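From first to last, the protein sequence lines stand for chains F and A. Everything in the first sequence is counted per our numbering, starting at 1 for the first residue and increasing by one. Everything in the second sequence is counted per our numbering, starting at 1 for the first residue and increasing by one.
Quick caveat, the hints were computed from the structure, so don't treat them as lab data. Predicted, not measured: the structure shown is a model, and the values here were computed from it. Among the clues, some could well be false.
[Unchecked claim] In silico SDA-like pairs for lysine to any residue, Cα to Cα no more than 20 Å straight-line:
| hint | chain 1 | residue 1 | chain 2 | residue 2 |
| --- | --- | --- | --- | --- |
| 1 | F | K9 | F | L110 |
| 2 | A | K96 | F | N65 |
| 3 | A | K81 | F | P106 |
[Stated by the list, open to error] Some but not every residue of chain F turned toward chain A, in silico, with C-beta under 8 Å:
| hint | residue |
| --- | --- |
| 4 | M41 |
| 5 | G58 |
| 6 | D99 |
| 7 | P106 |
[What the hints assert, rightly or not] Pairwise CB distance ranges, derived in the manner of DEER restraints:
| hint | chain 1 | residue 1 | chain 2 | residue 2 | range |
| --- | --- | --- | --- | --- | --- |
| 8 | A | S27 | F | T15 | 35 to 45 Å |
| 9 | A | E14 | F | R98 | 28 to 38 Å |
| 10 | F | N1 | A | L54 | 23 to 33 Å |
| 11 | A | V13 | F | G53 | 43 to 53 Å |
| 12 | F | E101 | A | L54 | 11 to 21 Å |
| 13 | F | D26 | A | I17 | 29 to 39 Å |
| 14 | A | H38 | F | E101 | 13 to 23 Å |
| 15 | F | L69 | A | S8 | 35 to 45 Å |
| 16 | F | K57 | A | S67 | 24 to 34 Å |
| 17 | A | V13 | F | E79 | 48 to 58 Å |
| 18 | F | K14 | A | A50 | 45 to 55 Å |
| 19 | F | R98 | A | M80 | 23 to 33 Å |
| 20 | F | S67 | A | H38 | 23 to 33 Å |
| 21 | F | D38 | A | S27 | 18 to 28 Å |
C-beta atoms are modelled at their ideal positions from N, C-alpha and C, and glycine is treated no differently.
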Amino acid sequence: NAGVTQTPKFQVLKTGQSMTLQCAQDMNHNSMYWYRQDPGMGLRLIYYSASEGTTDKGEVPNGYNVSRLNKREFSLRLESAAPSQTSVYFCASSEGSRDYEQYFGPGTRLTVT
Amino acid sequence: GQSLEQPSEVTAVEGAIVQINCTYQTSGFYGLSWYQQHDGGAPTFLSYNALDGLEETGRFSSFLSRSDSYGYLLLQELQMKDSASYFCAYNTNAGKSTFGDGTTLTVKP
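If we strip away everything but chain F, and leave its shape as in the complex, we get:
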């Protein structure tokens, strides 16, 4: 099992450009999450999906959109990147009954200039 995979690993964008971060999990988990982690800080929830076809805003959703394409895949889109979105982005998944135990992907390091 690959667990949770994310692409790309690194990305540099100019202000105003758009991009989509991809995430996939092969553990048959219902719940999937997108977090951002700024230097020296904890993880902040951007969006959450409890099951295929459902999404819910987290703590910091502004400037982002998500798509739960199917049970395996959950993508995060930045429509018009801003320097404040420079961060490390982590995707995670969990079984619905064990949302306290999340499995994380390796992260995408995004720089917006």
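Since the structure of chain F is already known, use the hints to place chain A on it.
The following block gives chain A in isolation, referenced to the frame of chain F:
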């Protein structure tokens, strides 16, 4: 409001025991999780407490007191590889987790 507090840094020597405290404030509290993150890596799940008391997993133990809104992670027989950041996170009835800002543990020889 909703928040978690944990110390920003802790230093200990190899072979010692260290305790990382976490206090929280939230409604709809279900339980407290702990995660480890090495520099440049992804967080990995360590432990979870839903009920009061101690949970032991090898060298790591986690404790919760719901009445005090307090928990801690106890690391015994510290090894150099334990140098990492440790995050507490509370889980709510909405199925989401909120993470603290993390405690950086430095283990010295």
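- Query: Checking against the hints above, which ones are violated?
  - Reply: none
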